[in-house]
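Chains P and L are the protein sequences, given in the same order.
In this text, residue positions in the first sequence follow the working numbering: the first is 1, and each later residue adds one.
In this text, residue positions in the second sequence follow the working numbering: the first is 1, and each later residue adds one.
Incorrect hints may appear among the rest.
[Stated by the list, open to error] Here are the simulated distance ranges between beta carbons:
1) 5(P) / 29(L): 34 to 40 angstroms
2) 53(P) / 41(L): 31 to 37 angstroms
3) 63(L) / 28(P): 48 to 54 angstroms
4) 69(P) / 19(L): 22 to 28 angstroms
5) 8(P) / 56(L): 34 to 40 angstroms
6) 65(P) / 9(L): 28 to 34 angstroms
7) 40(L) / 65(P): 23 to 29 angstroms
8) 86(P) / 10(L): 28 to 34 angstroms
[Claimed, not checked] Okay, the calculated bits of chain P under chain L, using three or more residues with CB under 8 angstroms as the criterion:
9) 41-54
10) 103-111
Derived by calculation from the structure, the hints in this document are not laboratory data.
This one's a predicted model, so the numbers in the text were calculated from it and none came from an experiment.
We put the CB at the ideal spot given by N, CA and C, even for glycine.
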Amino acid sequence: SAVISQKPSRDICQRGTSLTIQCQVDSQVTMMFWYRQQPGQSLTLIATANQGSEATYESGFVIDKFPISRPNLTFSTLTVSNLSPEDSSIYLCSVSDRADGYTFGSGTRLTVV
Amino acid sequence: LAKTTQPISMDSYEGQEVNITCSHNNIATNDYITWYQQFPSQGPRFIIQGYKTKVTNEVASLFIPADRKSSTLSLPRVSLSDTAVYYCLVGDKGGDYGQNFVFGPGTRLSVLP
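Isolated chain P (complex conformation) (with noise of 0.2 angstroms):
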């Protein structure tokens, strides 16, 4: 199955800044997935990311505020703007993987002060 790296792990922000998350694959994928995991809660999907068009966003979630690149077939980046103590979650990339369903990032642990 496929390798992600994401990064950052972890970070701590402060109010009104974004950060950037990048998710990098080890091979070529057309569709990645960009998840947020609220503290003790499921994981509830933000946007689908294929490369060469614009993320299609979920119910409840914009453009403005997650702004998604997709450059290649092999990296994405989640940019989460305007950050509020609300944004503090997890944040996870996945891609889709025909032998074994779908592979997930460790995830970046974002806490907003």
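Got chain P sorted already, so can you dock chain L onto it with the hints?
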């Protein structure tokens, strides 16, 4: 997307077999059933996937009755390291044609000594 229902939590003791059942009454013909395991501070990890009857790998077994409206993940002889949250998901198998999975709350398994 088929909705899943599973127990919120379960307790077990080391060496016991653990069975976690998931209900998915509106599963579609093309849907697969996939189970993921998540440890704290890590992304979900694929455990097993099946379509019907029984699937077994080195980690677990997955039992799916003929009507496919439920499935049971079986973990043989659990150890303390199996303490985690287990998610049952129903959706596409994976791959570039894949749609996203919808994560339910999962089952928090606690293995006691």
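Hints versus structure:
1. 5(P) / 29(L): 34 to 40 angstroms: Cβ of residue 5(P) to Cβ of residue 29(L): about 37 angstroms, so the range 34 to 40 angstroms holds.
2. 53(P) / 41(L): 31 to 37 angstroms: holds (32 angstroms)
3. 63(L) / 28(P): 48 to 54 angstroms: Because 35 angstroms falls outside the window, the suggested range is violated.
4. 69(P) / 19(L): 22 to 28 angstroms: Check failed, 43 angstroms falls outside 22 to 28 angstroms.
5. 8(P) / 56(L): 34 to 40 angstroms: Check passed, 38 angstroms falls within 34 to 40 angstroms.
6. 65(P) / 9(L): 28 to 34 angstroms: holds (33 angstroms)
7. 40(L) / 65(P): 23 to 29 angstroms: holds (27 angstroms)
8. 86(P) / 10(L): 28 to 34 angstroms: holds (31 angstroms)
9. 41-54: Result for this restraint: holds, n = 6.
10. 103-111: holds (count 6)
Against the hints set out earlier in the document, violations occur for numbers 3 and 4.
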